[in-house]
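Protein chains in written order, with my numbering: chain L, 1 to 340; chain D, 1001 to 1624.
No lab work stands behind these hints: they were computed from the structure. Here the structure is a predicted model, which means the values were calculated and not measured. Every residue, glycine too, gets a C-beta built ideally from N, C-alpha and C. Treat the hints with care, since some could be wrong.
[Stated by the list, open to error] Label pairs and their computed distance ranges (CB to CB): (1) Pro1436(D) / Gln317(L): 11 to 21 Å; (2) Ala1563(D) / Gly340(L): 32 to 42 Å; (3) Ser333(L) / Ala1053(D): 23 to 33 Å; (4) Arg1455(D) / Val339(L): 35 to 45 Å; (5) Ala1053(D) / Gln317(L): 54 to 64 Å; (6) His1276(D) / Arg304(L): 43 to 53 Å.
[To be verified] Examples of chain D residues toward chain L, derived with CB under 7 Å: (7) Lys1192; (8) Arg1209; (9) Leu1220; (10) Phe1221; (11) Gly1264; (12) Ile1268; (13) Gly1285; (14) Gly1299; (15) Pro1464; (16) Ala1467.
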Amino acid sequence: MTTTAVPLTTRKDWTSDQEVRWCPGCGDYSILAAVQMLMPDLGVRRENTVFISGIGCAARFPYYMSTYGMHSIHGRAPAIATGLATTRPDLDVWVVTGDGDALSIGGNHLIHALRRNVKMTILMFNNQIYGLTKGQYSPTSEVAKVTKSTPFGSLDTPFNPVSLALGAEASFVARTHDMDRAHMQETFRRAHAHAGAAFVEVYQNCNVFNDGAFEKITSRDARSSMLIPLEHGQPIRFGADGERGVVQRADGRLEIVDVSEVGEDSLLVHDEARDDPGLAFALSRLARGPFEPTPIGVFRAVERPEYGAEMARQVVQAQERRGVGDLAALLRSGSSWTVG
Amino acid sequence: MATKSEHPPEQLDRVVIRFAGDSGDGMQLTGDRFTTSSALLGNDLATFPDFPAEIRAPAGTLAGVSAFQVHISDHDILTPGDAPNVLVAMNPAALRANIGVLPKGATVVVNVDAFDERSLTKAGYEANPLTDGSLSSYSVYEVPMTSITQEVCKEAGVKPRDAERSKNFFALGLVSWLYTRPTEPTVGWIAKRFADRPQVAEANTRAFRAGFDFGETTELFESHYEVRAAPFEPGEYVQVTGNQALAWGLIAAARQAGLPLFLGSYPITPASDILHELSRRKEFGVRTFQAEDEIAGVGAALGAAFGGALGVTTTSGPGLDLKSETIGLAINLELPLVIIDVQRGGPSTGLPTKTEQADLLHAMYGRHGEAPIPIVAAMTPSHCFDAAIEATRLAVTYRTPVILLSDGYLANGAEPWKLPNLDALPVIEPGFATGPNHTADDGTQTFWPYERDERTLARPWAPPGVAGLEHRIGGLEKAAGTGNVSYDPANHEKMVRIRAAKISGISTDIAPVVVDDEHGDATVLVLGWGSTFGAIAAGVRRVRARGLSVAHAHLTHLNPFPANLGDVLARYQQVLVPEVNLGQLSRLVRAEFLVDAHSLNQVRGTPFRAAEIEAAILSLMEAP
Ligand code: SF4
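Produce the complete structure using the sequences and hints provided.
Below you can see the structure in the form of structure tokens.
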């Protein structure tokens, strides 16, 4: 392990020589730029950084980073990352995935990586559509969505990815969007610093198959009135002048109110470190979809034992207790007998 | 009562004993203990545990019968025996389920206490077989195992209901007397195993001793027997099952390669014991990961391999189906990965606890696209150790997934194993990339992840962490050399052919197939693979005992075949291929070598009997 200082880098150092092949105007470009520009600030080494993806538009991401990377198979990135992260705690493992990859075909791997709390930073680009396969509805598409595979409208209730992650015992859950580089970078920075599995939902515009899906909340004009920034230790309020806020009613329900009506002191103070994920879950249910005021930022950030570290601890403990394994002794661990 | 201990035991050269009872009767444990004390006596042995898929099928029914067959001898043996000489039946169902395989004249020891009206009906007997004369061609011994066990345990204050559970130790004690096994190893084992439950230990010990004394002091048995030690090669021996040897082989392989071992696995019968064994061995730096499913098991193993570990996944048939996609990815990534398939009866859930060899073509072809990978098969329980090392050697050397085929028979079967010389194990060289391997046109040094070794055609293995070697790999077709995504048709053709050539080239790096042709004058060759080794070799011995010549070749490499296999096959007029499937290797050798191979097949969930192999060889010899 090298002890020399991490070399100073620029975005260019983190950019591979491969031509980026997303559709012009795709939200993925701004997410890529945000990540490439953030990396020099994280104080990490390129050679110790790995991006792992599954299949989908988002999954091309690793090819554009000049780090180690693997473009794997549909939905399996969290499983592959689990094997890598648990055997190589010295690496920074990032998983880049989409709503179809993470929540449909790979749903099982996502929830288990989260509950185990394996050290990995999962960026899930949610565009509420299948892009790479040319426009079928996804597990986050709104009900009645008309697509090539649902000409009469989709029937399934969508997942709320933040609710899902919280339900899966995730220790870090956040949401950001592709129109705000600063917010993305701050969210990614926090996620990266988290000592466990970090899940970040990134609202991402697919301008070809689902253009404007988040426009009602993420467009420049709408943001202040439609995005509810979550800041740890701060009252939850939004609006150009902070005129609206969130309160918790006596029955536990969260409600959006005018601050002038309830008074500043009645506002709910955001506590991302609460042990009980119930309030974070309630916050994730505040908006029924990206057309109502929607919380963004860190919903939950709690400390919990990290899986790979625990696995390593068991190895060390076994070696302390029994000494480093001796194959010759192992083969004789039952009863042996000698002939001749 | 008169004691007969002054009678010296009669000598036997071999005996096959089958312990049978309810799933809850502890028959596997009983058989296992008998096996261990026989191993310590120096007998050669082979075992065949045969149990139902249900953990506790309804008590007393045929479906719930669990059996353990053990063959002990004073000479070298190869199989658990075609038919038992002795059946120990703990209840009517156990008798009924096993009487069919018993040759006339065999000995039957029954727990007569269990032959009540209700149990007889449950087992489907209309009349009591002990009294209706249907067992007249057997020597039947009726022993009140339950009641004596309860009686001796009562003195130790054990309630009859609890004492009843110790009756398998009574049976073990009785059979131990019958075959002159020492008592100390079992008594010592009971004390150790039940150290935290002294009353259970006491009950089991009393039951065991009571069984032994019953044989010694009653006049029921006319004589007792001894099977002397077999003349083993000098050396240190242990008794191993296939799954145990396989787990140890993986630890040894990781040691030989200097790599940390990572196992990603999902519980599945009959492979789970490998996961269990490895998860106990963390002092070897072994990391075991019980994944959320079969796909995650192999995915995590592949992720670990990307990071420079020895990535292994263990499974059985249905799990192999699920892993196919990831194996395909590993083929494109060209990373080492060891996939262990402990085959069982299929398709689908099939026969989870029964053996079969029907996954060979799946291992060979069960992926989309042109996706060749090496296949290694274990021949005997102890050979699983060597097979694990060989699979690892090929995976690491050639940067490829390798499937290792074991099966239910090997997994649970036990045999004595002469411990290997650890200094003589093959050294496996991971040869990680350390620096650039390519000079660009402008003279700069770069790293090309798909540049190849000239001899092996393997690409560099460059785990993350080395500055300057950063690279991206993936399932999309790679451009030769650079490894960049390439949709170029000519490049795809080139890469498909290179991947195929890399695997087929392994044929020169594996041991040639050895032919056992005693006098070199055989015209019939028996070609087997994997776990049929014992039965084929025993069948061949029987044919030779008739003064006839027959040759035997056994494959442990199924893809690619050893380089000399074509020549070997061409030397014989007839080739017989026995397989526990409907003819999979026979198809492969027919296709590859245009040889008119005769298939001998059975899929009963049990290994071949030596007699079946013998009969097939003889009928082939007689054929015009
Ligand atoms: S299809 Fe949509 S998500 Fe995919 S690259 Fe194009 S715009 Fe982006």
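task: Grab the minimum C-beta distance from arginine 1209(D) to chain L and call the hint holds if it beats 7 Å, violated otherwise.
output: Constraint on arginine 1209(D) not satisfied, violated at 21 Å.
query: Holds or violated: 35 to 45 Å for the Cβ distance of arginine 1455(D) and valine 339(L)?
result: With Cβ atoms ~42 Å apart, the hint holds.
Range hint compliance [Cβ, serine 333(L) to alanine 1053(D), 23 to 33 Å]: 29 Å, holds
- prompt: Does the CB of lysine 1192(D) sit less than 7 Å away from some CB of chain L?
  reply: 11 Å, violated
message: The hint names alanine 1467(D) as touching chain L; please verify it with the least Cβ-Cβ distance against 7 Å.
response: Hint on alanine 1467(D): holds, closest Cβ of chain L at ~4 Å, below 7 Å.
- prompt: Falls inside 32 to 42 Å, the C-beta gap from alanine 1563(D) to glycine 340(L)?
  reply: Once the Cβ atoms are compared, 37 Å apart, the range 32 to 42 Å for glycine 340(L) and alanine 1563(D) holds.
task: Verify the interface restraint on glycine 1299(D): the C-beta must sit less than 7 Å from at least one C-beta of chain L.
output: Since the shortest Cβ distance to chain L is 3 Å, the answer is holds.
task: Could you say whether the range 43 to 53 Å given as a hint is met by the Cβ separation of histidine 1276(D) and arginine 304(L)?
output: 27 Å, violated
- request: With respect to the beta-carbon atoms only, verify the hint that alanine 1053(D) and glutamine 317(L) lie 54 to 64 Å apart.
  value: 36 Å, violated
field: Proposed interface contact between isoleucine 1268(D) and chain L, which counts if any beta carbon pair is under 7 Å
entry: It is violated, given that the least Cβ distance between isoleucine 1268(D) and chain L is near 16 Å, above 7 Å.
message: Using the nearest Cβ pair, does glycine 1285(D) come within less than 7 Å of chain L?
response: Hint holds; glycine 1285(D) Cβ to chain L Cβ min 6 Å, cut 7 Å.
task: Classify the hint on phenylalanine 1221(D) as holds or violated, based on whether any CB of chain L lies nearer than 7 Å to its CB.
output: 28 Å, violated
Hint check: violations occur at hints 1, 5, 6, 7, 8, 9, 10 and 12; the rest are consistent with the structure.
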